[in-house]
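Novice: Now for the letters of each chain:
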Amino acid sequence: MKNKLLPLSITFVFIIIFIIFFKGLQNTNIYTPETKTIYEVPSVSVKLFNSNEIVNTLEIFNSDKFYLLNIWSSWCVPCRQEHPILMELSKNNNINVIGINYKDTKKNAKSFLEELGNPYNKIIFDNKGTVSIEWGAYGVPESFLINKNKVIKKYIGPLTKSSTEEIKLFIK
Amino acid sequence: MKILKLFLIIIFIFPINSLKADNEILKNKITKNLRCLICQGQSVYDSDSEFANSLKLVVDNKINEGLSEKQIYSYFQSKYGDWILYDPLFNRNTYFLWLLPLLIFFVGGAIIFKKFIKK
Chain Z
1 MKNKLLPLSI TFVFIIIFII FFKGLQNTNI YTPETKTIYE VPSVSVKLFN
51 SNEIVNTLEI FNSDKFYLLN IWSSWCVPCR QEHPILMELS KNNNINVIGI
101 NYKDTKKNAK SFLEELGNPY NKIIFDNKGT VSIEWGAYGV PESFLINKNK
151 VIKKYIGPLT KSSTEEIKLF IK
Chain C
1001 MKILKLFLII IFIFPINSLK ADNEILKNKI TKNLRCLICQ GQSVYDSDSE
1051 FANSLKLVVD NKINEGLSEK QIYSYFQSKY GDWILYDPLF NRNTYFLWLL
1101 PLLIFFVGGA IIFKKFIKK
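Protein chains in written order, with my numbering: chain Z, 1 to 172; chain C, 1001 to 1119.
These are computed hints drawn from the structure, not numbers from a lab. Where a beta carbon is used, it is the ideal one built from N, C-alpha and C, also for glycine. It is possible that part of the hints are untrue.
With the Cβ distance kept under 7 Å, some of the chain Z side facing chain C (calculated, not the full set) [what the hints assert, rightly or not]:
1) Gly-129
2) Thr-130
3) Ile-133
4) Tyr-138
5) Gly-139
Here are a few chain C residues that sit away from chain Z, every Cβ distance over 10 Å (derived from the structure) [unchecked claim]:
6) Asp-1022
7) Ile-1025
8) Leu-1026
9) Lys-1029
10) Asn-1033
11) Asn-1061
12) Glu-1069
13) Leu-1089
14) Asn-1091
15) Arg-1092
16) Leu-1100
17) Leu-1102
18) Lys-1114
19) Ile-1117
Restricting the straight-line Cα-Cα distance to at most 30 Å, the calculated cross-link-like pairs of lysine-lysine (DSSO-like) are [stated by the list, open to error]:
20) Lys-122/Z to Lys-107/Z
21) Lys-103/Z to Lys-1032/C
22) Lys-168/Z to Lys-153/Z
23) Lys-47/Z to Lys-1079/C
24) Lys-153/Z to Lys-1056/C
Based on the sequences and whatever the hints tell you, model everything.
Specialist: Below, the structure written as structure tokens:
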């Protein structure tokens, strides 16, 4: 009995290891960021683009309205691509479009907005990129749909037609 | 008098420098354990991407705010999930990962003990 116990336990351990690795093979090894998790709006002091005023983010997103926070930059090519979508959304009264100007110069950002139009109600100036980290952002462009002080949806990359449709369904 | 002045200057400058050096070591340690999420197989320390550079600045700020290494890890974990840490934390999802080598070690030890020492 004692002689049998050892090979049996070794086989058992190897079977368990095999199952774990076999299951692991089926998992994708490409990292996909979590975009569905709902989390609270981070409370950080930020500088506003136009007035240079320092405010807390909770003061910006204080009403029960829907907000679309969009991270953009004048040097970012996909931001140009999504800009008409933001312009269209800014005409909708049910949503407030807020921008985070990411690692940009004021001069370039201003000429970007003069050229393509300004969809933003308020713009947060984030020249070091640290405010965007507070939101769990990866880069530009990125958008967050916010309601009642909670991020309810995250869009990584430029907004597309389908994501706009989804946003419109949310704010209906 | 001059010597006293020099002595005072050294006393004032030295602790600040050593504090800064300590912070730099801690910052490097932390950024080496943070995965650059938009790079391939690079840590934040190794990467020079916009994302990694911002993360390095945030780590710097958090150290200056007086947060401990663990607190900084859990801060990033809350923002980006477990994936951002190279060294997985010991929790419900990783019990097996951490304990399996120990288990194998003890089983191996038991086999060796049985085979050679008992004889």
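Novice: Please go over all the hints and tell whether each is borne out by the structure.
Specialist: Checked hints:
With 7 Å as the threshold, the beta carbon of Gly-129/Z comes within range of chain C, its nearest partner Cβ sitting at about 3 Å, so the hint holds. A cut of 7 Å between beta carbons decides the hint on Thr-130/Z: the least distance to chain C is about 5 Å, and the hint holds. With a least beta-carbon distance of about 5 Å to chain C, the hint placing Ile-133/Z at the interface is held under the 7 Å criterion. Taking 7 Å as the C-beta cut-off, the interface hint given for Tyr-138/Z holds, the closest approach to chain C being about 5 Å.
Checking Gly-139/Z against chain C by beta carbon gives a least distance of about 6 Å; that is within 7 Å, so the hint holds. Non-interface call for Asp-1022/C relative to chain Z: holds, since the shortest CB-CB distance, roughly 22 Å, exceeds 10 Å. Non-interface call for Ile-1025/C relative to chain Z: holds, since the shortest CB-CB distance, roughly 22 Å, exceeds 10 Å. With a least beta-carbon separation of about 18 Å from chain Z, Leu-1026/C lies farther than 10 Å from that chain, consistent with its non-interface assignment.
Every Cβ of chain Z is farther than 10 Å from the Cβ of Lys-1029/C; the closest lies at roughly 19 Å, confirming the non-interface assignment. With a least CB separation of 16 Å from chain Z, Asn-1033/C remains clear of the 10 Å interface cut-off, as annotated. The beta carbon of Asn-1061/C sits about 7 Å from the closest Cβ of chain Z, which is not more than 10 Å, so the claim that it is off the interface is violated. Taking the minimum C-beta to C-beta distance to chain Z, about 18 Å, the non-interface status of Glu-1069/C holds against the 10 Å cut.
With a minimum CB-CB distance of about 17 Å to chain Z, Leu-1089/C clears the 10 Å threshold, and the non-interface call stands. No Cβ of chain Z comes within 10 Å of the Cβ of Asn-1091/C; the nearest lies about 17 Å off, and the non-interface call holds. With a closest Cβ-Cβ approach of about 16 Å to chain Z, Arg-1092/C is found to remain outside the 10 Å limit, as its non-interface label requires. Separation of Leu-1100/C from chain Z is inadequate, the least Cβ-Cβ distance of about 8 Å not exceeding the 10 Å criterion.
Distance check for Leu-1102/C against chain Z: the nearest CB is about 13 Å away, which clears 10 Å, and the non-interface claim stands. For Lys-1114/C, the non-interface assignment is contradicted: its Cβ lies about 7 Å from the closest Cβ of chain Z, within the 10 Å cut-off. Every CB of chain Z is more than 10 Å from the CB of Ile-1117/C (nearest about 15 Å), matching its label as outside the interface. With a C-alpha separation of about 17 Å, the suggested pairing of Lys-122/Z with Lys-107/Z holds against the 30 Å cut-off.
A distance of roughly 23 Å separates the Cα atoms of Lys-103/Z and Lys-1032/C; the hinted pair therefore holds under the 30 Å criterion. With a C-alpha separation of about 13 Å, the suggested pairing of Lys-168/Z with Lys-153/Z holds against the 30 Å cut-off. Our distance criterion of 30 Å between C-alpha atoms is met by Lys-47/Z and Lys-1079/C, whose separation comes to about 21 Å. With a CA separation close to 26 Å, the supplied pair Lys-153/Z and Lys-1056/C stays within the 30 Å bound.
When the structure is compared with the earlier hints, violations turn up for hints 11, 16 and 18 and for no others.
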